[in-house]
Amino acid sequence: MDKDIVGQQRSVFKSVMFYVTLGGLFCFCVFPIAWMVSTAFKHKDDIFSSPPKFIFEPTLENFHHIFTEAPILHYLQNTIIISVITTIFSILVGVFAAYALARFRFRGKEDLAFYILSIRMFPPIAAAIPIFLIMKNLGLLDTRISLIIAYTTFNLPFVVWMLRDFISSLPHELEEAAMVDGKSRMGAFFGVTFPLLMPSLAAVSTLCLIFSWNEFLFALILSQRDAKTLALGLTEFMTWREIGWENIFATATILVGPVVLFSFLVQKYLVRGLTMGAVRQ
Amino acid sequence: MAKVTVRNVEKYYGKVHAVKGINIDIKDKEFMCLLGPSGCGKSTTLRMVAGLESISKGEMLIGDTVVNDLAPKDRDVAMVFENYALYPHKNVFENIAYPLRIRKYSDSEVQERVQRAAKILEIPELLDRGIAQLSGGQKQRVAIGRAIVREPKVFLMDEPISHLDAKLRTHMRGELKHLQRVLNTTMIYVTHDQLEAISMADRIVIMNLGEVQQIGTPDEIFNHPYNLFVAGFVGDPPMNFLECELVEEGGQTYLRNGGMKVPLQPAQIEAIKSTKISLNRKKAIIGIRPEDITISKEPRKDAHIEGEVYVTSPMGKDVVIEVESKGHHLKIITSINNVFDMGENVSLVFDTTKIHIFDGVSTRAVF
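Line order of the protein sequences matches chains A and B. For the first sequence, position 136 (counting from the first letter as 1) is numbered 166 according to this note's numbering, and the numbering increases by one without interruption. For the second sequence, position 351 (counting from the first letter as 1) is numbered 372 according to this note's numbering, and the numbering increases by one without interruption.
So that you can see chain A by itself, here it is in the shape it has in the complex (with noise of 0.2 Å):
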């Protein structure tokens, strides 16, 4: 009887550390993103207040200054602009590349495979230079389309690397029974293996889309101000003689907010791209 007390008392202790651990956990990850957030909502006095102000009278005074007194709207409109296009872009190469390295048979292809790949781990700031200059000499620079193009060069073999592991997963019968079925190669692909990678795609384009809304080294040395992006708009804020910390949150605000929303909208796609291929079938 006793033993069968302490054992419960254990076992509700246990219970206990678990959750306080977790919580702890949890606090410290989302603090910051918390504290970014309602410190875009602060007057500038309760931003520098001591004590800290947990409850504030909120205000959208500084949503309204970043939007009328810099070009903020036009950075989210590059960075929509560019993100969207380099995941469009990137999505539709990467999966006819993928589909060709996990489908066809030709010589070569292990190592045209894992050269793709290598791109992706060759460090960006090692390819800095040379793709400044690349752009500069095609007239690029401060365009979006260069950008683009510098945020396509390192998704893209994410994206082939990734897709070619889901179409791999599909067995490649169900391509063949539609082709013995009346279908040619691309109408098996598009009609049968197509459908089957949705969830597989809805995952690389998610996460394309991060990389690419996130990305600041590129944009810092290909665009100036035409095709400046969010990430790159919000240094603005830090000058010689202050830093708007209510600026700067209220743009990190806005550049953190769709991404998290659509993250949320995405998750179960995510998780679900990010294990596919782990268990073999």
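To give an idea of the interface, some chain A residues facing chain B are shown, with a C-beta separation under 8 Å as derived from the structure:
| no. | residue |
| --- | --- |
| 1 | Met209 |
| 2 | Val210 |
| 3 | Asp211 |
| 4 | Val222 |
Covered stretches of chain B (in silico footprint by chain A; criterion: 3 or more residues with CB under 8 Å from a CB of chain A, positions within the stretch not fixed):
| no. | segment |
| --- | --- |
| 5 | 84-96 |
| 6 | 108-122 |
For lysine-lysine, the following DSSO-like pairs were computed, each having C-alpha atoms within a straight-line distance of at most 30 Å:
| no. | chain 1 | residue 1 | chain 2 | residue 2 |
| --- | --- | --- | --- | --- |
| 7 | B | Lys111 | A | Lys298 |
| 8 | A | Lys139 | B | Lys36 |
| 9 | B | Lys140 | B | Lys50 |
| 10 | B | Lys140 | B | Lys125 |
| 11 | A | Lys44 | A | Lys33 |
| 12 | B | Lys41 | A | Lys139 |
| 13 | A | Lys139 | B | Lys78 |
Treat the hints as calculated values from the structure; they're not laboratory data. Heads up, the beta-carbon is just placed ideally off N, CA and C, and yes, glycines get one too.
Given chain A's structure and the hints, the job is docking chain B onto it.
What follows is chain B alone, placed relative to chain A:
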């Protein structure tokens, strides 16, 4: 409905010579089995007929048309895959209807054909189900339904019942054979199961290592195997083999293995002579099926081999007895009523009219 002709067809995968110059003539409306062990080239051959594999050399004809360069969709063949290859994002009706939808059949015609196929296969109640809800046997029927709905010239089946349980497999053998008769269409069926081939096919092509070993009816394959491989592959339990010497002594010709002597009959001697094999001390291999050996507890004067029971395996009304004799293991089938114990001494008598003789060097059948 069409005949299929495979003429000197070869297939290379890089340096691997998977199919080595095979010739097969499949008649119109015939049920032809491609039989052989894994890796023999039977599935590759079937896939070349379907157009899913390119042909390295040779010609493939469906009817009178050379189809080497024709895409699968243009060959008018239908195929049932080993793992069924049903479209998981479509329900049963749409899976069966898919070939018709591709060809832009009207909705009414699609409905009529699918219902007819479902009725033949006894699955009309499954038409609105998802594929994931089906059992293995049901999936197989849906896969067959998708093949028959188009009424193609040739049906191709790549081990369609290999993943079913034993009882269902036995049932489906009869169903598939009946279906082929009802549809009256050429069918090429790939299997590694010799029992499936023997029980279903009009004729069988036995393949090994990319080559055709023999083409014949089940009776020809079973009773007149062309070589050692065919003899050992067909039959369950498989044929027993003993290496012997051909010996001519005292006016008699017989096969000798240690203490065993099997006298040869005139027809057998003639067959051997006609092959121009020199008789004396030439190596030969005797083949004798388990059902053609008589086993006896009592010593017999006409016994060919004396041995000891190694193990007995009851199989319903029969029992398979494995006998060991001087390092050789022979299997005998006898009635379950004949009880033998492990370690018991027995005598074996061969039915010499049923002996097969193979050349010990080339392994070709001599008799």
